[in-house]
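Asker: Position 200 of the sequence shown, counting from 1, maps to 200 under UniProt numbering, and the rest follow consecutively.
Treat the hints with care, as some may be off.
Claimed, not checked - Result set (DSSO-like, lysine-lysine): computed pairs, CA atoms no more than 27 Å apart in a straight line:
no.	residue 1	residue 2
1	Lys-368	Lys-401
2	Lys-401	Lys-337
3	Lys-103	Lys-46
4	Lys-297	Lys-241
Derived by calculation from the structure, the hints in this document are not laboratory data.
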Amino acid sequence: MELTIEEMLIKQKETGAHYTPTDLGDIIAKRLINELKKSGISGTKKIRGLDPSCGDGELLLSLNRIAKFNNIDNIELIGIDEDKEAIKEADFRLNEMGINDAKLTAGDFLDMVDLEGNLSLFDDDLSKIEPVDLIIANPPYVRTQVLGADRAQKLAKLFNLKGRVDLYHAFLVAMTLQLKPGGLIGVITSNKYLANSSGESIRQFLAENYDIIEIMDLGDTKLFSAAVLPAIFFGRKKVNKGIRQTAPANFYKIYEETDPSKTEVSIKFETLFGLLESSNTGVFNVDEKFYSVSCGKLIVPDSFKEPWVMATDEEYNWITNINNNSYCTIQDLCDVKVGIKTTADKVFIKSTWEELPDEIKPEVEVLKPLISTDHASKWRPLERIPNQKILYTHENVNGKKKAIDFTQYPHALAYLETHRETLEGRKYVIKAKRNWYEIWVPQNPDHWALPKIVFPDISPEPKFFYEDEGCCIDGNCYWIIPKEENNNDILFLILGISNTKYMTNYHDIAFNNKLYAGRRRYLTQYVSKYPLPNPEANYSQEIIDLVRELVFQNPNDERKIEIENQIENLTALAFGVERL
Numbered sequence: 001m002e003l004t005i006e007e008m009l010i011k012q013k014e015t016g017a018h019y020t021p022t023d024l025g026d027i028i029a030k031r032l033i034n035e036l037k038k039s040g041i042s043g044t045k046k047i048r049g050l051d052p053s054c055g056d057g058e059l060l061l062s063l064n065r066i067a068k069f070n071n072i073d074n075i076e077l078i079g080i081d082e083d084k085e086a087i088k089e090a091d092f093r094l095n096e097m098g099i100n101d102a103k104l105t106a107g108d109f110l111d112m113v114d115l116e117g118n119l120s121l122f123d124d125d126l127s128k129i130e131p132v133d134l135i136i137a138n139p140p141y142v143r144t145q146v147l148g149a150d151r152a153q154k155l156a157k158l159f160n161l162k163g164r165v166d167l168y169h170a171f172l173v174a175m176t177l178q179l180k181p182g183g184l185i186g187v188i189t190s191n192k193y194l195a196n197s198s199g200e201s202i203r204q205f206l207a208e209n210y211d212i213i214e215i216m217d218l219g220d221t222k223l224f225s226a227a228v229l230p231a232i233f234f235g236r237k238k239v240n241k242g243i244r245q246t247a248p249a250n251f252y253k254i255y256e257e258t259d260p261s262k263t264e265v266s267i268k269f270e271t272l273f274g275l276l277e278s279s280n281t282g283v284f285n286v287d288e289k290f291y292s293v294s295c296g297k298l299i300v301p302d303s304f305k306e307p308w309v310m311a312t313d314e315e316y317n318w319i320t321n322i323n324n325n326s327y328c329t330i331q332d333l334c335d336v337k338v339g340i341k342t343t344a345d346k347v348f349i350k351s352t353w354e355e356l357p358d359e360i361k362p363e364v365e366v367l368k369p370l371i372s373t374d375h376a377s378k379w380r381p382l383e384r385i386p387n388q389k390i391l392y393t394h395e396n397v398n399g400k401k402k403a404i405d406f407t408q409y410p411h412a413l414a415y416l417e418t419h420r421e422t423l424e425g426r427k428y429v430i431k432a433k434r435n436w437y438e439i440w441v442p443q444n445p446d447h448w449a450l451p452k453i454v455f456p457d458i459s460p461e462p463k464f465f466y467e468d469e470g471c472c473i474d475g476n477c478y479w480i481i482p483k484e485e486n487n488n489d490i491l492f493l494i495l496g497i498s499n500t501k502y503m504t505n506y507h508d509i510a511f512n513n514k515l516y517a518g519r520r521r522y523l524t525q526y527v528s529k530y531p532l533p534n535p536e537a538n539y540s541q542e543i544i545d546l547v548r549e550l551v552f553q554n555p556n557d558e559r560k561i562e563i564e565n566q567i568e569n570l571t572a573l574a575f576g577v578e579r580l
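Using the sequences and the hints given, assemble the complete structure.
Answerer: Shown next, in the form of structure tokens:
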């Protein structure tokens with residue numbers, strides 16, 4: 001029984017399932033079968049292949065098809081899915097292909113594993129299943145919030161995961177328990193764990209449990225309808241977890257290319273899936289879309305806190321030169337902070353405060369100008385003092401942040417009372433013993449008056465700009481202020497370096513965090529690690545002077561381009577690398 005498009009979309013939303021394209025399934029199966037043949041066990045005994053979230057059986061069909069093509073006839077297919085209708089469809093499709101001995105069961109794979117780590121898979125007739133030789137999987141992308149607090153906490157505790165957790169994290173551990181030592185896995189996941197700080201425990205788990213064979217970062221290729229950018233992890237389960245991997249793993253990275261200067265020299269390729277099977281590096285044209293592909297050796301740092309780097313030898317040498325010639329990083333001299341998180345923007349943020357009736361129009365003392373991503377532009381904000389304002393609920397008293405007593409501001413209090421039900425609905429605020437009317441993350445009220453650098457969370461290009469009008473910063477932006485012992489000159493050096501092509505290139509290589517259509521994430525964990533030259537060096541002082549001109553003199557376009565070119569040249573000289 002085939003699902004309609006509408007039914008499939010509803011099912012995807014509810015379960016996080018995203019069925020795998022046939023061609024992509026074949027690519028994963030080919031990698032696994034090739035590794036199986038290298039191991040020399042492909043023809044010696046029955047090979048057990050498992051898909052723990054098999055859906056309609058697409059990956060099992062790929063595994064069977066590629067095995068047969070390679071004259072491997074001893075594959076036993078095992079499929080599990082909590083969707084009974086999907087299992088029926090998988091059974092029908094497998095039978096249609098003459099596969100009558102597959103073991104399919106409807107159930108939640110995670111419920112089939114003892115959370116204390118003792119294997120107890122499969123109820124009923126599958127209770128005696130032994131660990132498998134191969135796992136091929138595309139587990140659902142669902143954060144554990146939807147599983148319920150108790151179950152989410154149990155899973156997080158077992159997996160030693162921090163922060164936001166996706167259901168595929170749980171699947172990774174459960175699948176590893178079910179895989180034989182020396183067994184192979186090919187699994188589609190989100191690519192976030194490769195570079196995000198929240199992926200630390202996943203990186204540690206994979207590195208400790210697997211000899212990594214290859215990671216394919218599929219970037220913004222849009223092979224799935226999910227907003228998640230996918231990656232494919234290929235690994236061989238370690239026989240001895242205590243032995244660190246010595247052989248380097250491979251990587252394959254593909255992202256849409258939007259730089260016109262690079263697309264002019266692109267190579268035409270027939271299909272995207274064909275491109276994924278190649279090991280070519282360069283820019284490719286597939287159906288009038290351009291993709292940048294790079295291949296090389298995966299760099300796994302000693303510390304799991306650090307992101308895994310997908311860099312070619314040339315790229316790795318380039319960022320190594322910059323790191324070796326740097327004086328420090330931004331976090332050594334400055335603090336990088338996220339903006340205000342109100343958790344009720346419609347209540348606290350408006351450009352139309354003046355239009356409210358006088359009796360609920362907040363007093364000007366508690367309305368602060370708010371810069372957001374809409375004001376972001378290189379060097380200077382689009383509006384120095386935005387019309388958009390935030391009803392700011394905090395102040396500093398004797399050096400301590402505290403909520404404002406709004407009985408001093410009766411109009412503001414009257415306004416907040418009109419939204420009391422909404423604000424009290426934020427149960428986490430009440431649970432934290434905070435006042436019902438408070439902004440959730442207000443930051444330090446005294447810091448808004450300080451000169452600062454501001455930049456948007458998401459942007460296709462760097463948009464770092466200087467702000468010294470005492471504006472608050474919205475939660476869709478980040479901001480940088482010097483540590484107490486440093487003067488403001490350092491801000492102009494950071495501003496100059498951060499807006500260069502050099503730092504954009506460094507960002508892409510070191511942090512590998514592009515989203516769709518070339519947009520990048522600019523988060524504290526990345527920007528704080530930007531390298532800086534010695535602030536006292538002549539090149540740095542020249543950069544500072546040029547940035548001051550851009551910020552305070554607002555030169556015409558011709559002069560602006562000239563200055564930006566000078567900053568690029570000085571940055572190359574400061575870091576001892578060639579001009580890009």
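Asker: State for each hint whether it applies.
Answerer: Hints versus structure:
The hinted pair formed by Lys-368 and Lys-401 meets the criterion: a straight-line CA distance of about 17 Å does not exceed 27 Å. Simply put, Lys-401 and Lys-337 have alpha-carbon atoms about 16 Å apart, close enough for the 27 Å limit, and the pair holds. Between the alpha carbons of Lys-103 and Lys-46 the distance comes to roughly 14 Å, so the proposed pair stays at or under 27 Å and holds. Under the criterion of a C-alpha separation no larger than 27 Å, the hint pairing Lys-297 with Lys-241 is consistent with the structure, at around 22 Å.
The structure is consistent with each of the numbered hints, conforming to all of them.
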